[in-house]
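Trainee: All chains, please: the whole structure from these sequences, using the hints.
Protein chains: 2
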Amino acid sequence: MPIYTAPTKDQVFLLDDVLQLSTQDIPGYADLDRETLDAILGEAAKLAENVLAPLNPVGDEEGCSLENGVVRTPKGFKDAFDQMREGGWTALDCDPEYGGQGLPYVVATAVGEMFSSANMAFNMYQGLTHGAYNAIHAHGSDEQKAMYLPKMVSCEWGGTMNLTEPHCGTDLGLIRTKAVPNDDGSYAITGQKIWISAGEHDMVDNIIHLVLAKLPDAPEGVKGISLFIVPKFMVNEDGSLGDRNAVTCGGLESKMGIHGNATCVMNYDGAKGFLVGEPHKGMRAMFTMMNEARLGVGLQGYAQGAVAYQNAVAFAKDRVQGRDVTGVKNPDGPADPIIVHPDVRRNLMDQKAFTEGARAFVLWGASMIDRAHRNEDAQAEGLISLLTPVIKGFLTDKGFETTVLAQQTLGGSGFTREWGLEQFVRDARITMIYEGTNGIQSLDLVGRKLGQDGGKHVMGFFEMVKSFIADHKGQDEAFDTQFLDPLKAASKDLQAAGMYFMQHGMKNPNNALSGSYDFMHLFGHVCLGLMWARMAWTAKGKLAAGDGDAEYLTTKIATGRYYMARQLPMTATHLKRIESGADPVMALEAEAF
Amino acid sequence: MPIYTAPTKDQVFLLDDVLQLSTQDIPGYADLDRETLDAILGEAAKLAENVLAPLNPVGDEEGCSLENGVVRTPKGFKDAFDQMREGGWTALDCDPEYGGQGLPYVVATAVGEMFSSANMAFNMYQGLTHGAYNAIHAHGSDEQKAMYLPKMVSCEWGGTMNLTEPHCGTDLGLIRTKAVPNDDGSYAITGQKIWISAGEHDMVDNIIHLVLAKLPDAPEGVKGISLFIVPKFMVNEDGSLGDRNAVTCGGLESKMGIHGNATCVMNYDGAKGFLVGEPHKGMRAMFTMMNEARLGVGLQGYAQGAVAYQNAVAFAKDRVQGRDVTGVKNPDGPADPIIVHPDVRRNLMDQKAFTEGARAFVLWGASMIDRAHRNEDAQAEGLISLLTPVIKGFLTDKGFETTVLAQQTLGGSGFTREWGLEQFVRDARITMIYEGTNGIQSLDLVGRKLGQDGGKHVMGFFEMVKSFIADHKGQDEAFDTQFLDPLKAASKDLQAAGMYFMQHGMKNPNNALSGSYDFMHLFGHVCLGLMWARMAWTAKGKLAAGDGDAEYLTTKIATGRYYMARQLPMTATHLKRIESGADPVMALEAEAF
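Chains B and U, in that order, give the protein sequences. Residues 1 to 593 (UniProt numbering) are what the first sequence spells out, left to right. Residues 1 to 593 (UniProt numbering) are what the second sequence spells out, left to right.
Hints in this document: simulated from the structure, not taken from any laboratory. None of the hints are false.
One copy or any two copies: either way a pair holds, since identical chains are not told apart in the list.
Straight-line C-alpha distance at most 25 Å; calculated PhoX-like pairs for lysine-lysine:
#1 LYS178 - LYS145
#2 LYS507 - LYS329
#3 LYS329 - LYS223
#4 LYS9 - LYS46
#5 LYS576 - LYS473
#6 LYS456 - LYS488
#7 LYS492 - LYS576
#8 LYS576 - LYS466
#9 LYS576 - LYS488
#10 LYS540 - LYS466
#11 LYS507 - LYS492
Mentor: See the structure below:
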């Protein structure tokens, strides 16, 4: 059975020392001193380690089942869900007006990593509910909010997002689900939705489906999509549950991973629905939540890497095989632990450097969302919009890769189900696909976000990196050569890539689109490089001040140095690929494949 | 259900045009004209496409079962195995003295790709038998050969390789299985072996286990290991089967993939065994076969990529979603097929360029093995020894990556079991692990092979690349800039990496070992670059001569150009990682992880 230990120490370092939450002017942050953080994260850690993690292989093995329309979650899930609800973990960053605790999103994000690492399939039930909560909170009427939100905050009721149909996922303009007005102001929703996570299950009393559908007078394409609330059970005015609505689960998807989560075919047969926001503005309503939802998926990606890494380390310390070529390390044993071998180290350092860098990136991103939402900070909103596809695409690609590396550390044991590593690989794989495939993320980045507001946000990002380098240069020679110089070089590669798009993308947009995926990764590396420089600088400062755990801080700096020396140079190859343009990519006719 | 079409056209191009088999001085090659090749490969294709491929998802879904010591293979496997045997496919390159067809190994390799792509788990049953055949053929006594080989050639009997024990895999010096001499010249074998592919099953009448064990007087470590034949049923002098031997399957491994292959725990309880070759020389006997066995795993890796790619292409041509930004391509449909989108192209080209390059590399490698075995060509033996870890490590890493890319092409469908892509991913994953993990391959390459015979073989490789460039330079400007220049640059990176190891590895071996994995990949890229240059040159020559299918040849050149422009530049980053040395990798104490 895999192990899991929540990274509370690392999270507190990031939140309190690097991001310095409590010194920021964001509402709700001031009270978040170190002790409070420690207490919140410590409690979450207990739930993650003791309740959720042990259920992860159970959920994978048992999966969900559908019988007579009823979806059963794996044994133990309902009880764990109750514990999560009762502990208030589903309400962390929700609006106090509807029973939420009003904590910052960044804190909920830190907790979310733990829950995702411990049991991704399980945590999705509340994750989806939270997404639906957000959409209703932002776009619903006061009546809708009052009716649905309190029970969604407490997760007595679940929530879902219904976008995909059998013939369309990425291209939502093609959806066929219809919404026909009823006499009472409601709508009759008819159509089929697929791949609906948590679409039906036995852990909640009601499920509030958010469904994209087209009104009879809808314009063509994405501009004709409206958003509807379709409750599984109708809700009476007094809040009690009424009739069963005409929405049913028609099947469960058999899939590579996240077996503990029910991925449903949902059939709407004239189900009663209620318009959210304005007609035909459903995409906008759905996409308001996109930054947060996609950041959540980026988090899932690296969170699987994080737990896989822990298991790889445990194995590498325990398994003895071969001898250290520079001198025997375990003379009393038949062989040395494999962690002595440089190639095992290389593998573990790749995992560690990515995971910790990704954690910083996501928490930084979450703090931008807090700033955007709570301070109405347009600059933060612009920057997180730009970085969201990077967080989603880069962190899930690399997170998956990290689970594969961790599996490799275990050799043959990594391939067996017994050790659990292969589940992390299978579960992580979906994060590269859902909530917009990573290819779509790269298009969003290059096709939309780069040029948004006249390129202001990407310029702002470059400026930020430049300032960081200028502000810290010349104070510590090792920091300059090990952190600032590589960061500068990588950032130059990113600018050169952007320049290439500007110069050649006008002539032929395919010159930009052929390089979009590499650009997303190039950008991701620069972000992680910046994160590592910030973390290392903070660690150096604390070390110099004699403040904190010296071993932890030294390790942090060494891990950052590894990232800068061994991962960041990847930017040069990404640039080279980008600069080769569209010709090699588009040379063939479709028939030649 | 996934599709599969055997790549016979591509294989004939490689065997006949690029490698020019029939013009070579290798015994058995002269008869291999184009028609003969077409006929052999065409027949193999039928079996692969019509019989093996349809059983692939069946094997995955059903898996193997163990009941009262009997292992049942999935439904349909036995019948398919009979068809494979009866078609003579198990005997292709075997010694005619024992019933083999005596065809070159390179031809068996081409057939092996088809069978592996179609059904990897299934093909392993005969693959393992072939490995055991090889070991007995090379090291067994005449009596042993006469007794076991004919039925192993026909696959009426199976064969296995028993190396790993619960506490050791990589470090075989630690094995505990004992061989105690009996009075009759045989040995009593006692111990437990794990992860034994095809260790027990219901498709053959007998199974000939090759088992590594220690004699009572054995020296410590790998120099004290002997190799034994342990038949499941004793074989009487007349060839009939006698008593059941004391070897039993104690359990089946539950694993991520290759469910159709029985991965067995094998218990030897004083089983009767027969020494193969000399006492204490078992490792040498086992390792004689290593080049071939590891090449076979490299083949499995890219073969999974190859079939996954075909399915990705089919999906990308069929699925309509979004519009080509440069102009609508499918005006009568609701959207364009996704193959119009540059990022989908990028993804498909990555798959295609790798797969075809890998196919060339493996066939070239197999022809070297033919030359080494049939012409006793020491140079070929040296070169293939050097390249074997590259073939195994690089092609399985990239082959797995290719299955992941192909899965990504399908978006959400790639994650569902229904489309079969996720099975290719899960099956391909083992190739990076077994037959020596890829980390071990990289150690073998850098720690042993580079310096072998005074570095003669790697020097020979560099010389070969240099000569190729010199011989072809200045005849075709596009070829120079698109193929020769990138090849030269990549080869320079490889030489620089070798130089770094020489200069810094003496001082501290960890400077070399920390870069071994990157070196293996760097080397792999240079090999594929060389393959692509050779293929493109051949294609250009045929085009100029008006010989062959112009569309196929033009596509080949364009695919090569993609590899050179977009994949090969990876060598620079590998070099940079290597040149960062051991410090970043080894900075932490084991406790700091």
